[in-house]
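K.L.:
For reference, the chains in residue letters:
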Amino acid sequence: MAGKSSSTPATYAPSVSGQKKRRPLIQADSDWVRPDGRSFHQCRPAFLRTGAVNSASGSAYAEFGNTKVIVSVFGPRESKKAMMYSDTGRLNCNVTYTTFATPLRGQPPETKDLSSMLHKALEGAIILKSFPKTTVDVFALVLESGGSDLPVITTCASLALADAGIMLYDMVASVSVSCLGKNLLIDPVSEEESYQDGSLVITCMPSRNEVTQMTVTGEWSTPKIHEAMQLCLDACSKLGKIMRSCLKDAASVPQD
Amino acid sequence: MVGLSLGEQNFIKGGIAQDLRTDGRKRISYRPIFVETGVIPQASGSARVKLGGTDVIASVKAELGRPAPSHPDQGKVSINVDCSPIAEPTFEGRGGEELSTELSSALQRCLLGGKSGAGAGIDLSSLSIVQGKHCWDLYIEGLVVSSDGNLLDALGAAIKAALANTAIPKAQVAASALPDDEPEIDVSDEEFLQFDTTSVPVIITLTKVGRHYIVDATTEEESQMSSAISISINRQGRICGLTKRGGAGLDPSIILDMISVAKHVSEQLINKLDSEIAAAEACDDEDDEMDS
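Here the protein sequences line up with chains A and B, keeping their order. Under the UniProt record's numbering, think of the first position of the first sequence as 1, with each following residue one higher. Under the UniProt record's numbering, think of the first position of the second sequence as 1, with each following residue one higher.
Bear in mind the hints are in silico, worked out from the structure with no lab data behind them. Among the clues, some could well be false.
[As the list claims (entries may be wrong)] Interface residues of chain B toward chain A, partial, derived using beta-carbon atoms under 8 angstroms:
1. ILE239
2. LEU242
3. ASP257
4. VAL261
[To be verified] A few chain B residues that don't get close to chain A, going by computed Cβ distances all over 12 angstroms:
5. PHE34
6. GLY52
7. ILE168
8. ALA171
9. HIS212
10. ILE231
11. ASP251
12. SER253
13. ASP274
[To be verified] Pair by pair, the computed Cβ-Cβ distance ranges are:
14. LYS238(A) to GLY95(B): 40 to 48 angstroms
15. GLN18(B) to THR99(A): 53 to 61 angstroms
16. SER39(A) to PHE11(B): 50 to 58 angstroms
Predicted model only: the values in this text are computed from it and were never measured. Ideal placement from N, C-alpha and C gives every residue a C-beta, glycine not left out.
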C-alpha cells in the first residue's frame, strides 16, 4: 500500500479507499477518524448471499466494504486415489487471489498460509465423521482485497459449507481487531492493516461460544488481549445472527 | 502418523489426567534442553537444540540488501523452516511442505511482531546501515533433523540461541562527496557486532489432552491432542504472538487460562534457556581458543 500513490501517479486506481489521502498516523490524536468514517468499534456493513455458483454443491458471496470474496464448496466426493483410507472425512481448503485483487498486480505472498489458516478455522466446526472416506473441497477466491481478508474468507466459507448441506456443529464467524497505538480498531481496512502495531483474529462458533482459531501478532498485554477478545466475540455473535438470517432467507425464497 | 492401540491411547490420556506422563514428567515440565551454538561455520550464527527426541538446527545468515520502500530505516528478516525427510519419511517430496509453511508462518508471527514492527523480538532498525540505501538482511533457516513433538518450541529456542550466537560484521560507510551518490560500504572481516537477544521471546505450546493441558508434548501425546495453542512471551511477560494449531474449538475462558499458565511457564523457560545459551557460548569460545 505504502508509496503506491507516489510511485504510480498516472495509473488509474479503482480502489476508492486507496485513492484517499494517506494520512500520517498520529497516535496521540484521539479524534483520528477511520478512512471510511466508522467509529473504532464499528464493523463494516456485511453483505452475504448463498448460491453464487451454480455448479458447486454450495457457495456463498461475501462483501464487507471493499473486501469481496466468493467461496464454493464441492463434495463430499471421493478422495484422491493416492490418499490413505480414513474413517473421518477430509477437508481441503484453497485460497486464491485474483490478479487484480490487490493494488499491486499479482498474488500476495501469503496465500499458502491463508489456505492452512482457513483449514484450521473450519475443521473444528465440521462434523468430519459424517462423511468418511470422502473429501470436501473448499475453494475461496478473493475478488477484491480490502482488508481483513481472512476473517471474510472464513465467514463466507462457513456459509458456503452450510449451503452445501455439510454437517456443522455451528456456523463459524470470524472478526479481526487491529491495534494502533492505544486504540483497538475492529474490522480494519487494508490501509489500517498496513499501519497496525498488532492484530488479533478470532474465529468462533457463536452459539457454542467456542473459539476454533485464534492468531495474535505484535506485542500485547494481558488486559488488552481480554479487551480485544471480548470485542471480537461480541462482533462474532452479531455476525453469526446475520449469517443465520441469510441462510433463512435463502431457504424461504421459492426455487424457480 | 503414530499408530497407537486403544490401550496405549488410554494409558497416555490417563497418565496426563493424573499428572504423571509416560516419561515420568509432570504436565507442565519440559524435557531436558540441550543447546549447542556455533555448529555451522559458514553461517553468521547457528545453534542446535535438542529436546528429548526432537533435534533442530537454526542458522542465521546476514547479507547486505536494500531496505523495503515502506520501511527505509529497517532491515529485513525472513524465517524459513525445512522439514527434512531424514526426520520422518512422510516429509519426503512435498510431504513436509505443509508443516514447513505452518511452522515458518507461526515463527514469523511469534518473532517478527506486527506490520509496523512494534513488538518484534528482533530490532529491525538495528539492521539498518544507510537509511533507504543499505541494510542487513537476516535469513533465518530452521532445519528439523529429528522430530519427536513440540517442533515449534524447539525451533523458537534454536532461533533465539542462533541469534545470540550471531555476529554481524561491522559496516563502515565511506563518506561520499555527493549526497546522491551510492555510499560505499566497507564490511569489516575482523570487527563484529553482537546481536541483542534479550527481547527475543520464547514460544510455549500448550497441548490440550482431555481436560488438561501439557507443555512439550511428544509425538505420541500430540496424536491424542484435541487442540493446541502456541504462545510467544518475552521477558516482560507480554504476549508477542499466538497461534491456535487447529483441532476442536476452545472456550474463550480456557484460552485466557492457557495464556496465564504459559506466562508462568515462560519465566522458568527463559531463565533455563538463557543459562543454557550462556553455557553453550562459553563452551564455543573455549573451542575457538583451542583451535587458534
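K.L.:
Determine for every hint whether it applies to the structure shown.
P.N.:
Status of each hint after checking the structure:
A cut of 8 angstroms between beta carbons decides the hint on ILE239(B): the least distance to chain A is about 5 angstroms, and the hint holds. Proximity of LEU242(B) to chain A holds as hinted, the smallest CB-CB distance being about 4 angstroms (cut-off 8 angstroms). A least Cβ separation of about 12 angstroms between ASP257(B) and chain A goes past the 8 angstroms threshold, and the interface hint is therefore violated. Because the beta carbon of VAL261(B) sits about 12 angstroms from the nearest beta carbon in chain A, more than 8 angstroms, this interface hint is broken.
Non-interface status of PHE34(B) relative to chain A is upheld: no Cβ of that chain comes within 12 angstroms, the nearest being about 30 angstroms off. Annotated as non-interface, GLY52(B) keeps its C-beta farther than 12 angstroms from every C-beta of chain A; the closest such distance is 26 angstroms. Distance to chain A confirms ILE168(B) as a non-interface residue, since its nearest Cβ pair spans about 24 angstroms, more than 12 angstroms. Distance check on ALA171(B): its Cβ is at least 25 angstroms (rounded) from any Cβ of chain A, clearing the 12 angstroms threshold; non-interface status holds.
Annotated as non-interface, HIS212(B) keeps its C-beta farther than 12 angstroms from every C-beta of chain A; the closest such distance is 18 angstroms. Consistency note on ILE231(B): stated as away from chain A, yet its beta-carbon is not over 12 angstroms from all of that chain's, at 8 angstroms minimum. Chain A draws ASP251(B) into its interface by the beta-carbon criterion, the shortest separation being 6 angstroms against a cut-off of 12 angstroms. In this structure SER253(B) is not separated from chain A by more than 12 angstroms, as the shortest Cβ-Cβ distance comes to only about 9 angstroms.
Listed as outside the interface, ASP274(B) is consistent with that label: its C-beta sits roughly 20 angstroms from the nearest C-beta of chain A, beyond the 12 angstroms cut-off. Between LYS238(A) and GLY95(B) the Cβ separation comes to about 41 angstroms, which falls inside the hinted range of 40 to 48 angstroms. Evaluation of the 53 to 61 angstroms hint for GLN18(B) and THR99(A) yields a pass: the beta carbon distance comes to about 56 angstroms. Checked against the given bound of 50 to 58 angstroms, the beta carbons of SER39(A) and PHE11(B), roughly 55 angstroms apart, stay inside it.
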